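2 protein chains.
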Amino acid sequence: MDDLEQLVPSTAREDSDGEEENNAPVLPTHQRPSINASNIMEQSWCSVRQRVFGAASNIQGTHEINENIAPQYESLDYDICENTLMRREEDSKGDKFVFRKRIARWFVFLLIGVVTALIACCIDIAIEELSSIKFRFLKYYVDLCMNDRCMYIPHLYWVATNIVPVLIGTILVTYVEPVAAGSGIPQVKCYLNGVKVPRIVRIKTLLVKSIGVTCSVLGGLAVGKEGPMIHSGAVVAAGISQGKTTSLSKDFHFFNYFREDHEKRDFVSGGAAAGVAAAFGAPMGGVLFSLEEGSSFWNQSLTWRIFFASMISTFTLNVILSAYHGFPGQLTYSGLLNFGAFPNISYEFFEIPLFVLMGVLGGILGALFNHVNLKLTLFRMKYITKKWLKVVEVLVVSSVSATVAFAMIMLIDDCRPLGQDPTKFPVQLYCGDGEYSAVASIWFQNPEASVRSLFHDPPGSHNPCTVGVFFVIYFALSCWTYGLSVSSGLFIPSLLTGAAWGRLAGMFLEYLFPNAAWTNPGKYALIGAASQLGGNVRMTISLTVILIEATANITFGLPLMITLITAKWIGDLFNEGIYDLHIHLSGVPILGWEPPQLSHNIFASQFMSFPVVKFNCIESVARIVDTLRDTIHSGFPVVTSVHDPRNQQTEAGSKLCGLILRSQLIVILQNKIFVENKEEWMGKSITLKLFRDAYPRYPKIEQIYVSELERSYTVDLRNFMNPTPYTVPLAASLPRVFKLFRGLGLRHLPVLDNRFELVGIVTRKDLAKYGTHH
Amino acid sequence: MDDLEQLVPSTAREDSDGEEENNAPVLPTHQRPSINASNIMEQSWCSVRQRVFGAASNIQGTHEINENIAPQYESLDYDICENTLMRREEDSKGDKFVFRKRIARWFVFLLIGVVTALIACCIDIAIEELSSIKFRFLKYYVDLCMNDRCMYIPHLYWVATNIVPVLIGTILVTYVEPVAAGSGIPQVKCYLNGVKVPRIVRIKTLLVKSIGVTCSVLGGLAVGKEGPMIHSGAVVAAGISQGKTTSLSKDFHFFNYFREDHEKRDFVSGGAAAGVAAAFGAPMGGVLFSLEEGSSFWNQSLTWRIFFASMISTFTLNVILSAYHGFPGQLTYSGLLNFGAFPNISYEFFEIPLFVLMGVLGGILGALFNHVNLKLTLFRMKYITKKWLKVVEVLVVSSVSATVAFAMIMLIDDCRPLGQDPTKFPVQLYCGDGEYSAVASIWFQNPEASVRSLFHDPPGSHNPCTVGVFFVIYFALSCWTYGLSVSSGLFIPSLLTGAAWGRLAGMFLEYLFPNAAWTNPGKYALIGAASQLGGNVRMTISLTVILIEATANITFGLPLMITLITAKWIGDLFNEGIYDLHIHLSGVPILGWEPPQLSHNIFASQFMSFPVVKFNCIESVARIVDTLRDTIHSGFPVVTSVHDPRNQQTEAGSKLCGLILRSQLIVILQNKIFVENKEEWMGKSITLKLFRDAYPRYPKIEQIYVSELERSYTVDLRNFMNPTPYTVPLAASLPRVFKLFRGLGLRHLPVLDNRFELVGIVTRKDLAKYGTHH
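From first to last, the protein sequence lines are chains C and U.
Going by the numbering used here, the first residue of the first sequence is number 4, and it counts up by one from there.
Going by the numbering used here, the first residue of the second sequence is number 4, and it counts up by one from there.
Be careful, since some hints might not be right.
Copies of one chain are not kept apart here, so a pair can be met inside one copy or by any two copies together.
Here are the simulated DSBU-like pairs of lysine-lysine, each with C-alpha atoms no more than 30 Å apart in a straight line [what the hints assert, rightly or not]:
#1 K96 with K772
#2 K692 with K742
#3 K390 with K199
#4 K99 with K772
#5 K617 with K658
#6 K742 with K199
#7 K742 with K96
#8 K768 with K742
#9 K99 with K768
#10 K658 with K385
#11 K104 with K772
#12 K617 with K742
#13 K658 with K427
#14 K772 with K142
#15 K96 with K675
#16 K96 with K385
#17 K742 with K658
#18 K675 with K389
#19 K692 with K96
#20 K378 with K104
#21 K385 with K247
#22 K681 with K96
#23 K768 with K378
Keep in mind that the hints were calculated from the coordinates and are not lab data.
These figures come from a predicted structure and were not determined experimentally.
Could you build the full structure based on these sequences and the hints that come with them?
Structure, rendered in structure tokens:
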């Protein structure tokens with residue numbers, strides 16, 4: 004070691020200051036390797052620094068370490084392993100292969116768009132048809148019992164028609180596939196960020212999610228179908244692109260060159276976009292959603308493909324739904340717009356401050372919603388852990404939803420003349436002849452239809468009291484509902500809550516300025532809806548575009564933007580967006596967009612993991628099997644030991660030659676690609692196909708049988724490892740490591756000391772500990 | 004050296020194959036260092052490979068090396084230099100500073116939006132007012148001379164009113180600031196890509212550009228003002244964010260912490276977006292333009308700020324222009340839409356194939372345009388090199404424009420009844436009383452107004468023959484005009500050309516299906532315009548959104564997308580987009596989005612530059628000065644030499660300790676921060692401010708005086724260098740190096756051999772040689 008140091012002299016010795024300072028670690032390192040490169044710098048500068056500038060404050064204390072990182076989440080591997088097999092495969096493929104792959108890729112995106120739209124159509128139509136039956140009977144019973152004084156019958160009927168579908172939905176979600184709970188957007192976000200959320204893109208999840216969300220909406224919960232549709236798009240993309248399903252254990256053997264994490268991720272981002280496009284009829288919104296929530300590296304050609312998938316998705320959806328609504332081929336039929344067209348809406352200069360104010364309100368209400376929901380979720384995580392308890396909670400919420408709505412209909416007297424507001428199921432209730440109950444009309448339809456009502460009902464259709472009570476009830480219900488063990492989207496409930504208070508604000512303005520042309524309560528309902536949704540989820544760009552596309556009104560883009568940006572700013576003062584809150588609560592090691600501020604003084608030596616479990620280039624099978632069994636690491640550096648020939652006592656340093664993944668080792672062991680077996684496996688060609696066929700669910704090490712004789716064999720890892728992994732020096736700062744890691748989608752990043760020996764490794768969890776900037 | 008190898012044994016020696024192959028380079032390297040790590044791999048695999056799989060074909064021949072990379076372009080430095088000064092500065096700043104910087108950043112984006120919009124307004128209003136005068140007199144003379152048979156007068160008047168403003172414009176561009184020629188979009192694209200195009204973001208450029216484009220449009224050239232407005236936004240952003248202008252040598256001393264390339268780039272992308280927003284009234288389009296053309300690393304918070312700037316820009320523009328048009332405060336006034344609103348436009352299912360067909364046509368016409376323009380540009384580069392020749396060419400084009408238009412008006416007889424199509428300056432010409440000449444109405448207005456006419460004139464307003472001839476003339480004129488030494492945008496001429504043939508197609512359909520409701524020539528004009536523009540510039544996403552926003556019709560988004568994607572696909576079969584063609588013609592080392600296909604077998608050893616000019620940690624002033632003088636490199640690795648103590652003969656290996664930039668060395672020399680001067684400069688605090696104040700135009704080394712005594716002094720580079728540059732091994736493949744370089748915006752990437760000694764360096768030019776994938 005000493006001799007080595009003579010060969011690789013620490014620069015400190017050349018220091019012109021001549022100050023041979025002790026190697027005392029400058030930074031708080033509990034037995035961590037000292038940062039040599041940094042020390043060199045610090046040593047030479049130290050004296051100058053203290054004399055000239057005075058001792059600098061130590062900033063490190065300000066960075067909180069988040070210990071709530073769940074260990075079970077693994078990373079996806081977006082880095083391409085350029086091993087010999089891969090290079091050989093490339094050698095054998097020509098431009099023709101590249102062209103074919105490119106065509107295949109576009110084709111897959113086409114399929115993703117079509118299939119996602121088909122699923123969305125099924126959900127749409129199922130909900131439409133079934134709820135129409137439900138409300139028709141409900142109206143029938145209400146009309147019938149109004150005279151017979153048997154209102155308990157419609158109430159019971161309502162509770163029953165809520166409970167039955169919700170029961171089906173929650174049982175599916177709770178017992179069959181718990182990962183299908185909620186909107187799926189946080190999970191998709193994690194996946195695109197590079198975290199392997201188990202079972203998130205499986206066919207089973209898709210089935211449970213689609214049926215589940217139909218049941219939830221049908222069951223009258225305060226949920227929307229949009230989030231689950233986005234998740235469905237992601238699953239469809241992952242499924243189609245791989246050309247096989249492990250759930251149904253069927254391998255179609257096409258597209259197998261897409262069986263890599265980074266290819267799959269690209270398709271999934273397209274699928275999510277197609278989902279948004281199908282959910283809202285918003286292709287541009289889909290692209291932006293995918294970018295805003297998912298991407299890290301902007302890739303132009305990928306974005307085109309995403310755009311293409313979204314477009315195809317909207318197109319397919321519109322073709323089918325226009326036919327369903329009886330206007331086949333009329334793709335501009337306005338009934339296709341989720342929230343109805345706002346054809347003649349304008350705003351005046353002086354309304355801008357009002358929009359800002361509403362943005363502030365939305366930000367506050369959104370932060371409140373998130374806070375209450377967070378507390379509720381913590382409560383649930385603590386007390387509602389049993390599966391049957393979850394089901395019971397869902398049923399309670401479901402019957403409370405029906406009961407509260409029923410009570411509101413009974414208690415509030417808000418009659419409007421028929422004809423002015425043609426709802427689908429107008430009920431007379433206590434109202435006079437030729438009148439209908441405006442309260443019932445909000446409740447006797449799906450939440451999405453209610454949003455449309457609040458947006459488009461002519462001024463005077465609603466009573467402020469009705470809308471006010473409705474807002475309070477719906478705010479509470481949706482807050483309680485999000486996080487239940489059912490498939491449920493948050494978009495529609497947020498929009499509905501916001502539309503309610505927005506419309507209320509509009510009515511108030513109408514009251515203040517009775518003759519002004521600009522006081523359109525529908526317009527303010529739209530602003531309120533945007534504001535509330537922005538306050539909850541804190542997306543700005545994609546939401547703006549989604550709302551523009553879903554209302555087909557481009558001139559109203561500016562007010563929407565102003566509102567959404569304000570809502571985000573205000574909300575961010577209090578807490579994070581609801582999706583991020585839930586992600587952090589579940590301890591997923593998600594990486595933000597930017598490294599934490601003022602973290603240039605945190606070095607790799609402080610956050611890397613060490614000691615590193617490593618393999619030699621030629622490693623014995625026994626050691627590989629034992630190591631895989633004894634550790635949970637998913638990647639291992641491959642090193643050559645460097646012995647100092649003159650000093651056998653010193654520990655050997657290790658020079659990094661490559662990086663090998665657990666999954667690769669598993670395949671190697673499974674196929675017994677041992678050096679001693681060479682004669683045997685050299686007959687078959689060892690290609691990447693072997694690895695692709697096993698992707699993505701590799702067997703566990705325990706499932707692989709290795710005989711005693713085989714344990715004495717060796718494996719030559721050099722043909723399989725990634726020979727040129729990116730590395731960083733010990734003195735690399737957190738932002739520098741973060742950018743490399745995040746920008747290139749790495750999974751393992753070896754850390755070298757200033758003798759270029761391997762001393763540590765940085766993984767996602769090491770970085771996620773620092774609360775990065777979202 | 005041999006001894007060193009014993010210490011750092013080549014893994015080949017441990018190879019269980021026991022094959023000690025010769026170190027003969029496997030890859031064609033003309034005297035390049037052999038790829039040791041790769042060799043190791045290859046050596047052990049070689050035999051297996053050849054026996055089992057047969058020799059693989061060598062793919063390298065398929066990668067063409069583009070030697071047309073101009074040497075004068077330097078890179079921007081987006082990597083943060085984390086030297087001691089920077090770390091110390093961070094130590095001394097707290098969260099308060101972070102907060103203040105964040106506020107300042109938003110404020111700068113606000114200013115960018117406002118100022119960009121103001122400039123756009125000035126250009127808009129100047130063009131509107133002056134051209135209105137021009138055409139009024141033109142109409143007056145035409146009306147006057149029609150009876151007096153003195154038509155040479157309006158012809159001469161027209162030529163004169165074309166020539167005078169164009170002369171002013173071209174003299175400004177040719178003699179004052181040649182970089183202001185053209186649309187500026189290619190230059191902004193290069194800047195955002197990381198290439199320092201000299202003088203591109205200076206105030207002088209802005210002035211010349213703004214006045215120049217006003218003159219060009221006024222001079223009746225086939226140009227638009229949109230491209231220059233985008234460029235203006237970029238200059239405004241660069242200027243405001245730096246808080247100083249070197250052109251006017253004024254330093255306002257605020258925002259000086261934004262004086263770094265990466266900060267400036269962020270602002271410039273915001274400025275470009277604000278420019279688009281102001282040019283088209285399309286804030287979303289601005290964001291997407293910035294992303295599609297500029298960004299590489301998607302950063303959410305940056306995108307929000309860009310969005311904010313675009314929004315502010317549109318808002319400011321709308322406020323001013325609505326007042327100018329006499330509707331103050333009415334921000335939804337439809338006259339603000341660049342291309343007019345399409346309120347009631349719909350399309351049928353069976354029209355989709357027609358849109359695809361038009362996309363194909365647009366792609367072909369666009370490719371033709373690009374091809375002809377390319378040949379023309381090559382001709383110009385060869386023959387029209389003198390400045391006066393450029394001016395003459397501009398004048399020729401300008402008078403030809405007027406003459407051709409005049410001839411067309413005279414020769415084509417296309418009279419329409421007055422009142423049906425109220426153009427601003429209807430002229431009677433040969434037409435009967437109560438009629439006006441439809442030919443003259445296309446020409447007697449600015450190109451932008453002509454686009455509006457073709458989009459919105461009711462069916463039957465135009466004669467197919469007129470529109471056909473107009474298309475041919477305008478196609479030729481705009482192709483000839485782009486590349487002249489004037490400020491000129493390509494958007495409007497492309498749209499106009501496309502609108503012409505699109506309207507023609509629409510008329511043809513009307514003729515075929517006389518009673519069909521869907522045959523609206525205006526709609527087909529829009530599709531044609533999109534298609535032609537898409538075929539020329541090959542942008543899809545941002546163009547879709549820009550056209551949607553500029554026509555305020557969201558339901559028509561899908562046809563636009565289909566057309567644009569088709570046009571891009573077809574056009575890409577023939578050549579690149581016009582901007583990329585011009586970029587490559589000028590030899591700018593721009594990096595595409597993705598590395599070339601099938602390039603995993605090209606290694607860093609093959610494309611890196613070597614030998615490397617390097618400095619020692621403590622380097623003599625003499626050597627620094629001489630090296631800076633003798634080389635043109637902009638960055639130098641800092642190394643410590645590693646001598647083998649037992650063998651003084653062998654060349655010393657060099658271990659990388661950091662990387663220092665030429666600009667930093669210049670500042671060090673200028674301020675005489677020499678070790679021997681320590682007493683002197685330690686009094687002043689040496690902070691980053693010193694470096695920021697000199698940014699971005701550092702003195703040349705020849706401008707710095709170093710005395711003979713000082714030449715014997717030394718500099719301690721360790722406090723200033725970037726201590727942890729990213730590095731790659733020799734065996735790293737082209738895609739791997741490319742991703743690192745492109746993803747992180749690097750400028751210099753040291754290459755280490757498998758003993759971790761510095762052997763080469765990769766710069767942008769080394770990568771740009773390979774035709775990367777756009």
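- Query: Which of the numbered hints above does this structure break?
  - Reply: 10, 13, 14, 16, 18, 20 and 21
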